Structure formats: C-alpha cells, structure tokens
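**Q** Single-letter residue listing:
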Amino acid sequence: MGMTIAEKILAAHAGVHVVRPGELYFAGLDLVMGTDVTTALSAEVFAQMGAQRVFDPDKIALVNDHFVPAKDIAAATLAQTMRRFAERYHIRHYYELGSSGICHTLVPDEGLVAPGDLVVGADSHTCTYGALGAFAAGIGSTDMAAAWALGESWFRVPETIRIIFRGRLPEWVGGKDLILRVVGDLGEDGARYKALEFGGHTIEDLPMAGRFTVCNMAIEAGAKTGIIAADDVTREYLRGRARRHGEYHRPDPDARYARTLEFDVSDLEPLVACPYSPANVKPVSQVEALPVDQVVLGSCTNGRVEDFRIAATILKSRGVHPKLRLIAIPGSQAVFRQLLDEGIVAVLAEAGATISPPTCGPCIGGHMGVLGPGERGLFTTNRNFKGRNGHPTSEVYLSGPAVAAATAVTGKITDPRTLMG
Amino acid sequence: MTGAVLKGKAITYGDDVNTDVIIPARYCTSFRAEELAQHCMEDLDPDFLQKRRPGDIIVAGNNFGCGSSRENAPLAIQGAGIACVIARSFGRIFYRNSINIGLPILESPEAAQAIAEGHEIEVDLGAGRIRNLTTGASFTAQPFPEGIRAIMAAGGMVGFVRARLGVDAPTQPGRGSKRSQG
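Each protein sequence line maps, in turn, to chains R and G. To convert, count from 1 in the first sequence and add 8; that's our numbering. To convert, count from 1 in the second sequence and add 542; that's our numbering.
Rather than coming from a laboratory, the hints here were simulated on the basis of the structure. These figures come from a predicted structure and were not determined experimentally. Note that CB positions come from ideal geometry on N, CA and C, so glycine has one too. Worth double-checking, as some hints may not be accurate.
FRET-style restraints, in silico, Cβ to Cβ [stated by the list, open to error]: (1) A55(R) <-> A695(G): 19 to 27 Å; (2) H98(R) <-> R574(G): 22 to 30 Å; (3) E664(G) <-> Y265(R): 37 to 45 Å.
Stretches of chain G that chain R covers, calculated by requiring three or more beta carbons in the stretch to come under 8 Å of a beta carbon on chain R [claimed, not checked]: (4) 563-574; (5) 626-638; (6) 689-702.
Calculated from the model, a selection of chain R residues having no Cβ within reach of chain G, i.e. all distances over 12 Å [as the list claims (entries may be wrong)]: (7) A83; (8) K202; (9) H209; (10) R258; (11) D262; (12) K331; (13) K394.
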C-alpha cells in the first residue's frame with residue numbers, strides 16, 4: 009500500500025521505509041521557526057531543560073513580526089529576549105526590522121524551506137510552507153525549545169484528506185476563495201489531527217502566492233498541515249532562493265486517504281468568512297452592502313506582491329471611501345521594496361491607504377489597526393474569532409484581496425465583479 | 543500527572559473554543575500563568591474568573607483550544623487554578639502544549655456530552671477514569687499513546703528533554719528549583 013505526501017516526508021525523517029496513520033515517531037527537523045511572540049518563553053524553557061547548545065544554529069529561524077515595531081514595553085522585552093537568544097546561540101537566520109517580515113511570507117521567500125522538508129514553527133500558520141511540498145506544522149513554545157535542544161519533534165502520523173480542485177478560476181477569484189470553500193465545507197474541526205493534500209488542475213495552474221494562501225489556512229479546518237506536491241511552479245519559485253534542492257514527493261497512486269473531496273471551481277464566486285468563524289463562509293453576494301469601518305490588506309495569508317497587484321488594479325484612480333480606513337501591510341521588507349519598484353505603493357498611497365510596516369498587528373488585535381466597540385472590519389487575514397481583532401463586540405469578515413479592495417472603494421462589502429464590470 | 547485523583551466542579555463550554563477567547567493575543571506580551579489567568583476566557587465568558595474555584599474542571603465539546611499555537615492558552619487555564627480539561631476533542635497544538643506543560647487533559651466524548659455545569663467531577667488521571675459524583679455516571683477517557691505517556695511520566699516536556707540530554711545525572715543540587723512553570 010502506498011503513501012501520501014505527508015506519510016512519505018514523515019517516513020523519510022523518522023528513518024523508516026513506511027509509516028501508517030496513528031503511529032508516533034520522533035523525526036529529525038530541517039527548520040525550526042519562532043517569532044517575537046513565542047520565542048521568549050521558549051528561551052526560558054530551553055534554559056530549564058538544561059540544554060547547553062542548539063542542535064544546529066543554521067536550522068533555526070527567528071523572526072520579528074507579531075508585535076513589531078514594538079507596541080509597548082512588554083513587547084519590546086519579548087523582542088529583546090529573542091535578540092539575545094539569537095546572539096548567544098549564533099542563530100544564522102535571525103531577522104531584524106528592516107530586513108524582516110511576516111514569518112510565513114519571509115521564510116519561504118528567503119529560501120529556508122525546500123520541498124520534502126520537515127518543519128515546525130511556533131506559530132499555527134506554519135502549515136503555509138506545505139505549499140512548497142514540505143510537511144510543516146505549528147507547535148507551541150515548549151515544543152520549540154525541545155526541538156532546539158533535540159533537533160527532533162514527535163509526530164503522530166496523520167491521516168490525509170485529499171482535496172481536488174477542477175476547473176479554471178474565474179476573474180477576481182483566487183487562492184483565498186479556494187481555501188475558504190474548503191474550510192467552509194469541512195468546518196473548524198473537519199481536518200483535526202489530519203493532513204490536507206491539495207491537488208488537481210486548478211492547483212497545478214495556481215501561482216505560488218495562491219498556493220501559500222491555500223496551505224496557510226489549512227489550520228482553520230484544524231489540519232496539522234496542508235501540502236501541495238512540489239512541481240515546476242515550485243522549482244521556478246525556488247530558483248535563486250533555495251539553499252538545498254529538496255525532495256519532490258508525489259503521492260503514490262495507491263496511497264490511502266481518509267476521504268477525498270472534489271470541487272469544480274469554474275463557477276466559484278468570491279467568498280467571505282463571516283463572524284465569528286473562518287468556517288462561516290458565504291458568497292460575497294449574500295453579504296453585499298454591509299457598511300465597513302476598516303479594511304486590512306496583508307497578513308501571512310494575503311500579504312504578497314501578487315495580492316497587492318490585484319488590490320492596486322481595483323484601487324487605481326478610484327480611491328478609498330472617505331468613511332473607511334484602509335490599512336495596507338506589505339508582508340515583508342522585500343515585498344515592500346517590490347511594491348515600491350512596481351509603483352504599487354504610490355497607487356495605494358494616492359488612493360488613501362495607510363501603509364504599515366510588515367507586522368501581524370491587526371490580524372491578532374495587537375496594534376496598528378485594532379477595532380473599537382461595534383466596528384466592522386473586512387480583512388484579508390485568516391481568523392475572525394470573537395475579540396481577536398479588537399473589542400469583543402467588533403466583527404471581521406475575511407476575504408481575498410479583490411473583495412477587500414472593492415470594499416475599500418465603496419465603503420461596504422462589495423463584489424469586485426460588480427465594481428469592475 | 544499520572545496517578546493523581548482530582549475532584550472539582552464542572553465549568554462547561556461548547557464546541558470550537560479557540561485560543562483567542564481562552565487568552566486574547568493582546569495579553570500575550572506576558573507568558574506568566576498568574577498574569578494570563580486574569581484575562582482567561584474574558585471575551586467568551588466574562589464570569590469565568592468570578593465563578594471558578596481552584597481545582598475546578600473545564601468540560602467542553604469538540605476541538606477545544608483550536609486556533610493559535612500560543613502556549614499562553616493552557617498556561618492561562620493552569621494559572622486560573624483549573625485542575626483538568628475534559629473535552630470531546632482538542633485542537634492539536636493545544637493538546638501538545640497541555641501535555642508539554644503538564645496541564646492534565648482528557649478526551650472523552652461521552653463525558654463531554656453528559657456532564658453539566660456545576661456537576662461534581664472526580665478524575666483518576668492514572669486510570670483515565672472520570673466519575674460524575676452528581677449523577678453517579680462514570681466514563682473512561684481515550685488512552686494516550688505510549689510516546690505521549692513517556693512525556694507525561696516525566697512531568698512534561700522539560701523533564702522529558704532533561705532526561706534525554708542526561709542533565710540530571712549526576713544530580714545537580716538546586717537545578718530543579720528553577721523549573722517553576724513560566
């Protein structure tokens with residue numbers, strides 16, 4: 009009996025020929041990623057573990073992104089702890105403001121993940137790297153400290169759910185709509201303890217930016233990881249970035265899946281997730297005309313150059329509605345520079361957007377765009393739980409960049425197909 | 543956590559209680575359990591802090607602790623004096639985090655279904671037995687896989703890694719006193 013991609017990667021890293029769902033293995037890690045909000049606790053736990061050194065200073069990434077630029081003294085102290093840990097243990101991939109970015113935009117762009125890698129990160133959206141054909145899973149701070157000390161982590165081999173997309177995506181519909189469709193279908197726990205393996209012609213035709221968006225939100229259905237088989241699109245993206253070649257796994261024809269879901273997306277409408285769950289998904293047409301106070305363009309889900317190109321196309325010579333605040337957050341310093349080069353920053357600024365430095369701020373209700381009592385937001389982020397983005401009476405709708413930009417123009421939730429004709 | 547018998551009142555919640563409502567990110571500039579506890583559940587259940595008593599047991603539905611990887615969530619619950627969380631199922635990162643920091647958790651769909659707010663609950667962690675002292679019903683929790691039991695037997699991941707690294711042999715006096723839960 010064959011194996012899924014997740015099973016092949018776990019087998020390779022556990023040093024066995026075959027793994028089966030339910031088995032538990034300690035497996036060697038290719039990368040361990042932490043951020044300013046999770047690393048300080050790990051540093052303390054690492055000391056409690058009595059560890060003298062990290063397993064490999066070249067296989068650890070530490071990224072300033074969540075509460076940066078430091079929102080208060082406590083946040084500054086967390087960042088300081090991470091900075092000191094990086095210095096003390098000679099962490100090679102430490103990213104400081106000015107060269108940093110939102111971890112799940114930055115880390116792949118920096119070429120730190122190769123196809124076939126086994127990656128853990130102390131951030132739940134670490135599953136994003138599955139877009140490169142890697143097995144990447146979120147963990148907590150104590151797990152990260154253990155991973156630094158041991159160079160391995162324990163994994164219960166997950167069953168895999170196969171998701172097949174067919175059909176050509178309509179205009180103004182993208183990766184975000186694909187994953188919202190899946191999360192809406194599976195529910196918040198439909199893939200709990202499981203891996204999602206995305207495939208089909210739609211995925212094969214999807215550029216890397218869209219693939220990252222799809223895998224990013226696998227966790228919103230409870231999944232341990234979301235994986236797309238690495239192919240020529242992956243190879244092209246990694247050219248000039250990757251530090252290693254990696255292993256391009258494909259699922260065996262007789263791999264066993266917990267279930268297979270197929271979606272024909274040729275008629276897919278732009279989708280939104282309504283409060284207070286990323287699984288509360290509706291076509292945009294069902295919530296059109298709801299007034300919105302603030303739109304956020306960005307996050308590890310939709311903060312890439314491609315996302316801002318879509319938004320700029322809609323915002324150019326239209327402008328932001330006077331009663332709405334648009335906050336645009338390039339996903340990394342490199343994305344920001346690319347947006348400058350392409351004139352997109354100018355388009356956004358002329359339209360009336362506030363341009364923020366790369367940060368997770370508003371996505372976690374941390375800073376740089378927190379919602380007040382009763383306010384309504386439409387964000388291109390990944391979660392809209394009660395109280396996550398601000399006051400517990402505020403509410404957030406989640407969408408892709410096209411709906412977000414169209415909404416910023418009209419001041420109410422808007423189908424980009426209507427606005428753009 | 544093996545071997546202990548816990549007794550406390552049930553505080554019940556429904557499905558998909560996410561880590562953002564267990565402890566909002568706006569408070570996650572701290573990772574001290576006692577500080578986090580002051581805001582535990584405040585967006586979901588503003589009465590939680592008032593009604594909970596040390597030793598109480600949270601009983602919840604599906605997917606408890608879904609969402610963010612923040613270890614601050616089980617720490618907040620631990621800091622609030624909750625002795626144990628029983629759920630129909632757990633979000634996987636919360637599940638790992640709880641085991642790692644030594645917050646007892648038990649998966650039992652039957653218990654999660656049958657226990658109501660205020661019921662007096664007794665939990666035998668070693669045997670995985672849950673007794674509802676109010677109704678007399680008893681339940682058996684899903685057993686933990688062997689690899690996870692090894693982490694639990696070490697009191698959590700810190701003890702497990704110390705054993706793997708061999709840092710406790712020979713005994714270094716005073717070392718253990720630093721191992722308060724951060």
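**Q** Indicate, hint by hint, whether the structure satisfies it.
**A** Here is how each hint holds up against the structure:
1. A55(R) <-> A695(G): 19 to 27 Å: Since A55(R) and A695(G) have Cβ atoms about 23 Å apart, the given range 19 to 27 Å holds.
2. H98(R) <-> R574(G): 22 to 30 Å: Roughly 29 Å apart at Cβ, these two residues keep to the hinted range, so it holds.
3. E664(G) <-> Y265(R): 37 to 45 Å: Hint holds: Cβ distance 41 Å, inside 37 to 45 Å.
4. 563-574: It holds: at least three residues are needed, and the segment 563-574 of chain G offers 8 whose Cβ sits within less than 8 Å of chain R.
5. 626-638: holds (count 5)
6. 689-702: Coverage by chain R holds for the segment 689-702 of chain G (7 residues, Cβ < 8 Å).
7. A83: 5 Å, violated
8. K202: 9 Å, violated
9. H209: 31 Å, holds
10. R258: 26 Å, holds
11. D262: At roughly 26 Å from the nearest Cβ of chain G, D262(R) sits farther out than 12 Å, so the non-interface label holds.
12. K331: Its Cβ never comes within 12 Å of chain G, the nearest being 26 Å, so this holds.
13. K394: For K394(R), whose nearest Cβ neighbour in chain G is about 6 Å away, the distance does not exceed 12 Å, so it is violated.
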